[in-house]
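2 protein chains.
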Amino acid sequence: LDYQHVQVPFEITLWIMLASLAKIGFHLYNKLPSVVPESCLLIFVGLIMGGIIYGLNDRSPPVMDSDIFFLYLLPPIVLDAGYFMPSRPFFENIGTILLYAVVGTIWNVFGIGFSLYGICQVKAFRLQDVSLLHNLLFGSLIAAVDPVAVLAVFEEIHVNEKLHILVFGESLLNDAVTVVLYKLFRSFCEMPTIKSVDVFAGVGKFFVVGLGGVLVGLSFGFTAAFTTRFTKDIRVIEPLFVFLYSYLSYLTAEMFHLSGIVAIISCAMGMKRYVEANISLKSHTTVKYFMKMWSSVSDTLIFIFLGVSTIGENHEWNWPYICFTVIFCLIWRALGVLVLTFFVNRFHVNTITSKDQFIIAYGGLRGAICFSLVFLLPDFHRKKLFIAATTVVILFTVFIQGMTIRPLVDLLAVKRKRESAPTVGEQIHIRFLDHLLAGIEDISGHWGQYYWKDKLEYFNSKYLQKILLREYDQPKSSIVLLYEKLERKHAIELAQAGQLGHGPAHPSFLSSDRTVITDQKLEDTPNPDVLDNMQEILARNLYRIRRTGPAYNRHTLPGDSEPTEHAKEILILRHKSL
Amino acid sequence: LDYQHVQVPFEITLWIMLASLAKIGFHLYNKLPSVVPESCLLIFVGLIMGGIIYGLNDRSPPVMDSDIFFLYLLPPIVLDAGYFMPSRPFFENIGTILLYAVVGTIWNVFGIGFSLYGICQVKAFRLQDVSLLHNLLFGSLIAAVDPVAVLAVFEEIHVNEKLHILVFGESLLNDAVTVVLYKLFRSFCEMPTIKSVDVFAGVGKFFVVGLGGVLVGLSFGFTAAFTTRFTKDIRVIEPLFVFLYSYLSYLTAEMFHLSGIVAIISCAMGMKRYVEANISLKSHTTVKYFMKMWSSVSDTLIFIFLGVSTIGENHEWNWPYICFTVIFCLIWRALGVLVLTFFVNRFHVNTITSKDQFIIAYGGLRGAICFSLVFLLPDFHRKKLFIAATTVVILFTVFIQGMTIRPLVDLLAVKRKRESAPTVGEQIHIRFLDHLLAGIEDISGHWGQYYWKDKLEYFNSKYLQKILLREYDQPKSSIVLLYEKLERKHAIELAQAGQLGHGPAHPSFLSSDRTVITDQKLEDTPNPDVLDNMQEILARNLYRIRRTGPAYNRHTLPGDSEPTEHAKEILILRHKSL
Numbered sequence: 001l002d003y004q005h006v007q008v009p010f011e012i013t014l015w016i017m018l019a020s021l022a023k024i025g026f027h028l029y030n031k032l033p034s035v036v037p038e039s040c041l042l043i044f045v046g047l048i049m050g051g052i053i054y055g056l057n058d059r060s061p062p063v064m065d066s067d068i069f070f071l072y073l074l075p076p077i078v079l080d081a082g083y084f085m086p087s088r089p090f091f092e093n094i095g096t097i098l099l100y101a102v103v104g105t106i107w108n109v110f111g112i113g114f115s116l117y118g119i120c121q122v123k124a125f126r127l128q129d130v131s132l133l134h135n136l137l138f139g140s141l142i143a144a145v146d147p148v149a150v151l152a153v154f155e156e157i158h159v160n161e162k163l164h165i166l167v168f169g170e171s172l173l174n175d176a177v178t179v180v181l182y183k184l185f186r187s188f189c190e191m192p193t194i195k196s197v198d199v200f201a202g203v204g205k206f207f208v209v210g211l212g213g214v215l216v217g218l219s220f221g222f223t224a225a226f227t228t229r230f231t232k233d234i235r236v237i238e239p240l241f242v243f244l245y246s247y248l249s250y251l252t253a254e255m256f257h258l259s260g261i262v263a264i265i266s267c268a269m270g271m272k273r274y275v276e277a278n279i280s281l282k283s284h285t286t287v288k289y290f291m292k293m294w295s296s297v298s299d300t301l302i303f304i305f306l307g308v309s310t311i312g313e314n315h316e317w318n319w320p321y322i323c324f325t326v327i328f329c330l331i332w333r334a335l336g337v338l339v340l341t342f343f344v345n346r347f348h349v350n351t352i353t354s355k356d357q358f359i360i361a362y363g364g365l366r367g368a369i370c371f372s373l374v375f376l377l378p379d380f381h382r383k384k385l386f387i388a389a390t391t392v393v394i395l396f397t398v399f400i401q402g403m404t405i406r407p408l409v410d411l412l413a414v415k416r417k418r419e420s421a422p423t424v425g426e427q428i429h430i431r432f433l434d435h436l437l438a439g440i441e442d443i444s445g446h447w448g449q450y451y452w453k454d455k456l457e458y459f460n461s462k463y464l465q466k467i468l469l470r471e472y473d474q475p476k477s478s479i480v481l482l483y484e485k486l487e488r489k490h491a492i493e494l495a496q497a498g499q500l501g502h503g504p505a506h507p508s509f510l511s512s513d514r515t516v517i518t519d520q521k522l523e524d525t526p527n528p529d530v531l532d533n534m535q536e537i538l539a540r541n542l543y544r545i546r547r548t549g550p551a552y553n554r555h556t557l558p559g560d561s562e563p564t565e566h567a568k569e570i571l572i573l574r575h576k577s578l
Numbered sequence: 001l002d003y004q005h006v007q008v009p010f011e012i013t014l015w016i017m018l019a020s021l022a023k024i025g026f027h028l029y030n031k032l033p034s035v036v037p038e039s040c041l042l043i044f045v046g047l048i049m050g051g052i053i054y055g056l057n058d059r060s061p062p063v064m065d066s067d068i069f070f071l072y073l074l075p076p077i078v079l080d081a082g083y084f085m086p087s088r089p090f091f092e093n094i095g096t097i098l099l100y101a102v103v104g105t106i107w108n109v110f111g112i113g114f115s116l117y118g119i120c121q122v123k124a125f126r127l128q129d130v131s132l133l134h135n136l137l138f139g140s141l142i143a144a145v146d147p148v149a150v151l152a153v154f155e156e157i158h159v160n161e162k163l164h165i166l167v168f169g170e171s172l173l174n175d176a177v178t179v180v181l182y183k184l185f186r187s188f189c190e191m192p193t194i195k196s197v198d199v200f201a202g203v204g205k206f207f208v209v210g211l212g213g214v215l216v217g218l219s220f221g222f223t224a225a226f227t228t229r230f231t232k233d234i235r236v237i238e239p240l241f242v243f244l245y246s247y248l249s250y251l252t253a254e255m256f257h258l259s260g261i262v263a264i265i266s267c268a269m270g271m272k273r274y275v276e277a278n279i280s281l282k283s284h285t286t287v288k289y290f291m292k293m294w295s296s297v298s299d300t301l302i303f304i305f306l307g308v309s310t311i312g313e314n315h316e317w318n319w320p321y322i323c324f325t326v327i328f329c330l331i332w333r334a335l336g337v338l339v340l341t342f343f344v345n346r347f348h349v350n351t352i353t354s355k356d357q358f359i360i361a362y363g364g365l366r367g368a369i370c371f372s373l374v375f376l377l378p379d380f381h382r383k384k385l386f387i388a389a390t391t392v393v394i395l396f397t398v399f400i401q402g403m404t405i406r407p408l409v410d411l412l413a414v415k416r417k418r419e420s421a422p423t424v425g426e427q428i429h430i431r432f433l434d435h436l437l438a439g440i441e442d443i444s445g446h447w448g449q450y451y452w453k454d455k456l457e458y459f460n461s462k463y464l465q466k467i468l469l470r471e472y473d474q475p476k477s478s479i480v481l482l483y484e485k486l487e488r489k490h491a492i493e494l495a496q497a498g499q500l501g502h503g504p505a506h507p508s509f510l511s512s513d514r515t516v517i518t519d520q521k522l523e524d525t526p527n528p529d530v531l532d533n534m535q536e537i538l539a540r541n542l543y544r545i546r547r548t549g550p551a552y553n554r555h556t557l558p559g560d561s562e563p564t565e566h567a568k569e570i571l572i573l574r575h576k577s578l
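If you read the sequences in order, they're chains P and H.
Just so we're aligned: 48 in our numbering is position 48 of the first sequence, and the numbers increase by one with no gaps anywhere.
Just so we're aligned: 437 in our numbering is position 437 of the second sequence, and the numbers increase by one with no gaps anywhere.
Accuracy of the hints is not assured; some may be wrong.
Copies of one chain are not kept apart here, so a pair can be met inside one copy or by any two copies together.
The calculated DSS-like cross-link candidates involving lysine-lysine, where the alpha carbons are at most 30 Å apart (straight line), are [to be verified]:
#, residue 1, residue 2
1, Lys383, Lys162
2, Lys232, Lys205
3, Lys31, Lys466
4, Lys453, Lys205
5, Lys272, Lys466
6, Lys232, Lys288
7, Lys417, Lys123
8, Lys466, Lys453
9, Lys232, Lys272
10, Lys195, Lys205
11, Lys123, Lys292
12, Lys31, Lys282
13, Lys272, Lys384
14, Lys195, Lys288
15, Lys282, Lys292
16, Lys272, Lys292
17, Lys288, Lys272
The set of hints was computed from the structure by calculation and includes no laboratory data.
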C-alpha cells in the first residue's frame, strides 16, 4: 500500500465526492430541503464530520485553509454569479447597490467596531485589553455580507428580482470595501503611529481597488472574447478559455491587491455576450453546465468545511462580547438599511417598500469570507475570541436567519418573483419605453441611464463587435435566427406529438447532402451516433426474438416460460449432444 | 505585488493557457498539421521554451515531475481513450491485443535488455560497469509502446479500425506488464541476491496487477452507474460522478500497486453504457466535451513538457549505447511482431497482412511514460546515460517515425478506415450473424466469443440493468426511442429547409402544457431563454429603426447618411437646447 504517493489528489477527490453525495442525499428526501436550507444541512454534516475527526484523533480537526478558500473555492462561485447575473436589474439598480455596498459596509464596520469598543470599556466584562483598532479590524471582517451564504438562501426563497439583486449585488460588490478596510486596519494595528496621510491614502484606495478590479476583469474578458474568434477548428477547447481567462483575471487582481471578486464578475459580464456568439452551441452548454457544477460543488465544500472547522479548541468564549457582536450586527445593519433606503427612496419613483427593507436587513447573512479572514489575522492574544465570535455570528445568521427567512417572506407576503416569463408583448413594451426614454434623454440633454446604455450599445456594435465577434462579416439578421430557432422547436414538438404527417426520415435521406446545411445543422447531425444507436436497438430486439423463440412451440403458451427455463432446455440439449 | 500568494494556480493556469494557445496557433495555418504531426510541433515548442529558460537562467529548466505526469496528466488521456474505445473491434481482437501487450512486451524487454548487455561487454565502448540487471531495468522502461504518442499519431493517419485497435490496445494494456517488470527489476537491483522464489512471485504478479486493475475499475464503474440512478433532481452534478469515480479507480489502483491505466479503462468501459442511459442529454454532452477537452490539454502539456525537459544538463552522451538502443528497439519490435503475428494468423481466418504488420511494428512509438519512468529511477552513476538514451529514442520515434508513417501508409496503400458509416443493412447483417453464431456455438457446445457475449448480454439485461439503470421499471422500447429521435431530426431538417408548412410556434403555444411532455422535451424547452433572445433581437431592431429614423426625412435618401451624422445632428440639437 502506497498511500503517501496518491494522498493529495485522493483526499481532494474524496472530499468532492462527499460533497456530491451529500447533495444527492438531501435531494432524495424531498421534504427536507423545503424546510431547512441546504447550507444549514451541509454545515450540520460538517459538524458531524468534525466531531468524528475530533473524537478519533483527540485534537482539533484541520480548519479550512484560507488560501484554499480564496484561491480555489471562491472563484467558481463568483464566476457563476457573474456569468449568470441578470444584467438588466443589476444595471438598473447599480446606484442603490453601490450605495449599500460601499456606504452601508463602511457604516456597519465603524458602527460595530465603535460600539464593541464601548462594550470593552465595561470593567465587568474583562475585555479592556481589546483596543479600538482591533475592534475596528474585527468590525471590518464581520460587517460584510457574504455572497455564498446569500446565494444559497435567496436561491431557495424566490423573492422578487429587485430585492434579490439588491442583497446579492451588495454582497458581491462590498468585497472591494472589505478588502480595503481589512488591510488598512491590519496594517494600522502593526504601525506604531498613524498619520492622517495614511487615512487619506486608505480612502483613495477604495477607488483603486474597485475600479482596478473592473479594469483587470474587463481586459481579460475582452481578451477571452477575442481568443474565441479563432477556435472554429478546435471547438473542443473553447470552454477552457472561458474558465482560464476568468480565473486569470481573479488571480491577477489578487496579485495586485485589487478586488478579485469584482474582477472576475466584470470579466464574466464583459465576455459573456461575445463568447456566446463565437463558440458552438455544445461548447456553450458545456460552459454553463460546468460553471453550475463547479460552483455548486465549491459551495457545498465551503459549508461542509465551515462545519468541520467549527469543532475544536480554537475558541475563547466570552459571553458578553459574543452576544453583543450578534446584537450589533443585527442593529447596525437594520439602521444602515433604513437610513440608506430613506435617501434612495427620495430619488426614485419605484421605491423600496418597508417589507423589502426588512428582508434586505434580515438577509444580511455572514459566511465563509468572514471565517477565512478571521483566520488570516496576525497572531495576537485575543484572536481566539474573534474566531469564536465570528463562528457564532455565522452560525446564527445561517441557521436562525436562514431558516426563518422563508416563513417570514411568506408571512409578510413579500412580493415574489413572477412564476411565468414575461410575455413578448410586455418585453416589447419595456424595450420600446427604453428607447423612447433614451431618445427623450438625448434630446433634453439629460445624460441619464438610458442615454449611456444607448451610447454603449452604439459603441458595441460599431467597434467591439467588429473586433470580438467571428461572424461579424456575414451577420444573419437576428430576427431570422430567432425564427429558425422557433421553427426548429415547433418541429420537434410536432414530431413528439406525432403530428408531423410525413414518414420518418429515411437513413439515406439523412446522409444526403443538402444545400441548406448550416454550421448549426452539421453539429446537430450525429450520423454515426444514430447508426450506433440503431445497431444496438436492432441487436437487442433480434436477440430477444432469438431468445424467446422457443416459447412459441406446441407445449408452452407465449410468455409463460421464463428465460431461465430456456437456458435449462438448451443445457439439456447440449449435454445430450456431448 | 504579491506573487508568492497566487504563484501555484497562476503558473498552472498560464501553462494550460500556453498549451491551448499553441493548439489554436497550429490550427490557424491549415497546411502545417497535415504535414507534421501535432505532437512534433508541440515538442518543438517545448524545445524552444526550454532553450529560452535555459538561456535566461543559465541552468537546466525544470524537468516534468513524474508525480505530476502520473497523477494529473495521464489519467484524463486514458479516461478519454477508455470511454470512447470502440468496444466491438476491441473485444473481437482482445486475444491478439493481449498477446502483443503481454508476450510482445516481455519479448521486447528481455530482447533489448540482453542485447544491450552484449554491447556493454565490448571493451572499446567503456560500458562494462552497466550490469545485466540495469540493462534489463532499462529495457523494461524503454520497451513499452506509449498510448499518448500512439494516439496522437494514429488519430491523424486514419488507418483501418483493426490495425488501429491493435496498436492502440497494445499500448494501453502493456501498462500492467511494464509496471510489474519495472518494479521487479528495480527491487532486484537493490537486493543483494535474487532467489528463484522472487522470480516466480514476479510472474504471479502479472495476473494480480492486471486482473486487480480490471476488478478495481469495474467496481468503481458500477458504483458510478449506481450513483447516477439518484441524480434526477440535481442534473447539474451528474458529469462530476463520471470524472470522480474514474479518477478514484485510477488512484486506488495506483495505491495498491495495480495497473492504474487498466483500472481507469475498465471503469470507463464498464460505466459508459449505464451512465449514458441515466444522465440527461446535456450532462452527457458536457461529459463528452470535458473529457475531450481535458485529454487534449493534457496531451498538449505532456508534449510541451517533453520538449522543455529535453534541454539541459541531465544527459551523459555515449554514442554506441544510444545508437544501439535505437536500433535494438526497432529490431526487437519488428521481430516480435513478425513472430507473434505468425501464430495469430494460424488461428484466425481474418489474417493480419504483411503491410499491417509493418505498420504495427513501425507504429511502436515511445513517449512520456518512458520518460517519467527513467526519471523515477533510483540514483546510480549511469542514470544520466539512461536519460539520454530514453530522450533520443522518444525523439527518434516521435519525429522520424511519427512524421514518416503517414507517407508510408500512403505508399503501401494500407487499408484505410472507411469514410462512410456502414449502412443499416450491413449493421443488421453483422448483428444477425452474431446471433446466428451465438446460437450455433450454444448448440454445438463450443464456448467461444459469441457464446460469452450472449451470456454477458443476458446477465446484463437480467441483473445489471435492474440495479444500475434508473428507468428500468418503465422502459420504452428502444426502437420507439430511435423512431422518436429520427422524427425529431427529420422535423428539424424540414424546419431548416422551410418546408414545414405550419406557421412558426406561437409563444403561448410554446408555454402551454401538453400531455406528451417527456423529460427530453422539458430539457429542450429553454423558454426564458427564447424570450431573452427575442427581447434582445427586438431591442436591436427597434433600436435600429430609432437610429435610422432620421434618414427617412425629406432631405436625405434612405441609407445615404451615416449614423455618425445623426449623432452629430443630435449633438447640434442638444447644444442648441443647452
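For each hint, the structure was consulted:
Neither within a single protomer nor between protomers do Lys383 and Lys162 lie at most 30 Å apart by alpha-carbon distance, with minima of 38 Å and 68 Å respectively. For the identical chains of this complex, Lys232 and Lys205 are neighbours neither inside a copy (42 Å) nor across copies (48 Å), given an alpha-carbon limit of 30 Å. In this assembly of identical chains, Lys31 and Lys466 lie within 30 Å of each other by CA distance solely across copies; the values are 27 Å between and 51 Å within a copy. Proximity of Lys453 to Lys205 under the C-alpha cut-off of 30 Å is restricted to the intra-copy arrangement: shortest distance 28 Å within a copy versus 71 Å between copies.
Taking CA atoms no more than 30 Å apart as the test, Lys272 paired with Lys466 passes inside one copy only; the shortest distance there is 16 Å, against 43 Å between copies. For a Cα distance limit of 30 Å, the shortest separation of Lys232 from Lys288 qualifies both inside one copy, at 19 Å, and across copies, at 18 Å. For the identical chains of this complex, Lys417 and Lys123 are neighbours neither inside a copy (50 Å) nor across copies (87 Å), given an alpha-carbon limit of 30 Å. Only within a single protomer do Lys466 and Lys453 lie at most 30 Å apart by alpha-carbon distance; the minimum there is 19 Å, versus 57 Å between protomers.
For the identical chains of this complex, Lys232 and Lys272 are neighbours both inside a copy (17 Å) and across copies (29 Å), given an alpha-carbon limit of 30 Å. Taking the shortest Cα distances, Lys195 and Lys205 sit within 30 Å of each other inside one copy (16 Å), while across copies they are farther apart (73 Å). In this assembly of identical chains, the alpha carbons of Lys123 and Lys292 never lie at most 30 Å apart, being 51 Å within a copy and 66 Å across copies at closest. In this assembly of identical chains, the alpha carbons of Lys31 and Lys282 lie at most 30 Å apart only when taken from different copies (27 Å versus 35 Å within one copy).
Proximity of Lys272 and Lys384 under a CA criterion of 30 Å is satisfied in neither setting, with 43 Å inside one chain copy and 50 Å between copies. Proximity of Lys195 and Lys288 under a CA criterion of 30 Å is satisfied in neither setting, with 49 Å inside one chain copy and 59 Å between copies. Taking the closest pair of Cα atoms, Lys282 and Lys292 come within 30 Å of each other both inside a single copy (15 Å) and across two copies (13 Å). Taking identical chains as interchangeable, the C-alpha atoms of Lys272 and Lys292 lie at most 30 Å apart whether they share a chain (15 Å) or sit on different chains (23 Å).
With identical chains, the CA atoms of Lys288 and Lys272 are at most 30 Å apart both within one copy (11 Å) and between copies (23 Å).
Hint violations for this structure: numbers 1, 2, 7, 11, 13, 14, all remaining hints satisfied.
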